Amino acid sequence: MFFGVPNSNPRNPRLQLLKNVVLFKDLSMREIIMVDSLMHARSYVADEVIFDEGEEGQGLFLVLSGRVKITLPATAGNFLLELGPGAFFGEVALLDQSLRTAQARAVEDTQIVVLFRAEFYSLLETHSAIASRISFQLARVLAARLRQTVINASKHHHA
Amino acid sequence: MNRALASGPIVWLGIIVATCLLLVLFQTVLWLVMPVLLAVVAYYLMSPLVAAAMARGMTRARAVFIVTMLLTIILVGIGFTVAPRISSIAHNLPKRIIDYGGVGYQLVENAQKTLYTYFPFLHHQPAVATPASDGRNLGFVSSEVVPVPSAQATSDDLENQVAKWQAEYSGDIALELAHWIPSLLLVPYITYFFLLDGPRFKRFLVQAIPNAFFEKTLYLFYRVEDQVRRYFQGLLALTALDAICLGVGLWCLGLNAPFLLAVVAAVMAWLPYLGSIGGGLLVVLVAAHDFPGSHWLPYEVIGLFIGVRLLDDFVFMPLTVGRSLHMHPLVTVLMILLGGAVAGIAGLLLVMPVLGVVMVAGQIIGELVTDERILARYRHARRLKLERAQADLFTD
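Line by line, the protein sequences are chains A and B. For reference, each letter of the first sequence is one residue, going 1 to 159 in the working numbering. For reference, each letter of the second sequence is one residue, going 1001 to 1396 in the working numbering.
Next comes chain A alone, as it looks inside the complex (with noise of 0.2 angstroms):
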């Protein structure tokens, strides 16, 4: 086919990767591969932006190879964190069209895999069991950061 066909052999290293990210830990390789399927795969360059802070966020960056830093070009280019191999950001997006909060920006050569809302919303139509364990892990994931944002709130309110 000329425009190519995905690679669905299970021991190919991009679904091995998604295997082992948080976000797909409950999925078989079955499931693994049909989510792949909706992946848009994209390549950055050292030093380029991938999204911009205040920008409408269609989906989730998942990094396959490479670092990938978070910041917040509002307060001068302040650093928040980086990411490698396995990691996601921008899972916010997944869920409304709410801005982005941060700029990211490939620290090296980056690959990543990006979902798309639209799509994980007909994923959420046809697989529904499988968006369904997706949306589970995430709200784990954003409970997990609510938690740590309280507990440093906190901390800093006591100092």
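It should be emphasised that the hints constitute simulated quantities derived from the structure, not laboratory data. Take the hints with a grain of salt, since some may be wrong.
To be verified - Now the stretches of chain A that chain B is said to cover, found in silico as 3 or more residues with beta-carbon under 8 angstroms:
#1 44-58
#2 133-146
Claimed, not checked - Quick list of the computed label-pair ranges, beta carbon to beta carbon:
#3 G86(A) to R1388(B): 20 to 30 angstroms
#4 L1334(B) to S128(A): 38 to 48 angstroms
#5 N12(A) to V1315(B): 52 to 62 angstroms
#6 G86(A) to V1076(B): 45 to 55 angstroms
#7 A143(A) to R1383(B): 35 to 45 angstroms
#8 R147(A) to L1319(B): 43 to 53 angstroms
#9 F1204(B) to K19(A): 22 to 32 angstroms
#10 N12(A) to H1380(B): 27 to 37 angstroms
#11 L99(A) to L1375(B): 15 to 25 angstroms
#12 L1021(B) to D47(A): 37 to 47 angstroms
All of these numbers come straight from a predicted model, not from anything done at the bench. C-beta atoms are modelled at their ideal positions from N, C-alpha and C, and glycine is treated no differently.
Position chain B against the provided structure of chain A, taking the given hints into account.
Chain B in isolation, oriented as in the chain A frame:
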């Protein structure tokens, strides 16, 4: 997209020009556009079935195969049922045209008589001042009745015209049919590949988009697809509602094959304005032809048609197609007229879906090319790649 799309007058001018150019292009390759358009309609009609089959654990390939086979069986079934009837209609077409033309003429004559019965003053021609032989206007008012040709004379005229038309154009029609039928047979084939490879093809196209434009372009794809899907699903829902209302009404009036007539009239209404008039005329002529003794039946059919059209315009349309395009009514009417002027009947038929897609694409492209930050990011990425590509080219 929460923020209002930046579509100023230049973007709108671009949208209108692009729509007109596309209509002209589509008119020249109509034999290809029509099967693709029908395949798009079939795709949106059948993609929920594919999704439902996939939700039950089927692979996409198997779900698409089963659903397309189903479509093919239905189309072949319809073909076998309708083909003998169409062949008989085509065979008797000249006779039918003469019959229905005669009925139409009779109908107009009856209407005239009925009007004269109830409004006798209409029997006279409008007052015309007759000039005197020397050119002076004497103010004499003529009340002569203009002679109306007899029904037989009109029927003979029509017969001659049809015979002439048949001799002149029958070869062209056969050639046109030979041209169209194979392209229409492509519909299930194109639909199959739309259903099977549509998502993969979309990802293939998105790969070509530079990173800086990636997220917004994905959103553009989603919006365009959503627009087209809602338009065609709305159009199909509208056609079904029109056909049901009209069919029930014609059945109550006692016409033969009411639902077939209703479906034909509802499908003809896809052509803005002209289609509705043509569909109405067809049903009225059939009613007058099949029930020559019933003088009031054609008027009842006209009343029914007007009722269904009002229902269509004020209730069904806003609920289905109107909701999908979010277009100002004045723009809609002007674009339909422009479509007709630029590309004739094909333009009338295609202008709304084409405008819907071009409008969304134009608005988002307008937003992309006026976003300085995105353009700066694009240039930055290009510079980074260029620096890397030429890193070891220069030696001191």
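How the hints compare with the structure:
1. 44-58: holds (count 13)
2. 133-146: It is violated, with 0 qualifying residues against the three required.
3. G86(A) to R1388(B): 20 to 30 angstroms: About 26 angstroms separates the Cβ atoms of G86(A) and R1388(B), which means 20 to 30 angstroms holds.
4. L1334(B) to S128(A): 38 to 48 angstroms: holds, 44 angstroms
5. N12(A) to V1315(B): 52 to 62 angstroms: holds, 54 angstroms
6. G86(A) to V1076(B): 45 to 55 angstroms: holds, 52 angstroms
7. A143(A) to R1383(B): 35 to 45 angstroms: holds, 41 angstroms
8. R147(A) to L1319(B): 43 to 53 angstroms: holds, 46 angstroms
9. F1204(B) to K19(A): 22 to 32 angstroms: holds, 25 angstroms
10. N12(A) to H1380(B): 27 to 37 angstroms: Hint holds: Cβ distance 32 angstroms, inside 27 to 37 angstroms.
11. L99(A) to L1375(B): 15 to 25 angstroms: holds, 19 angstroms
12. L1021(B) to D47(A): 37 to 47 angstroms: holds, 40 angstroms
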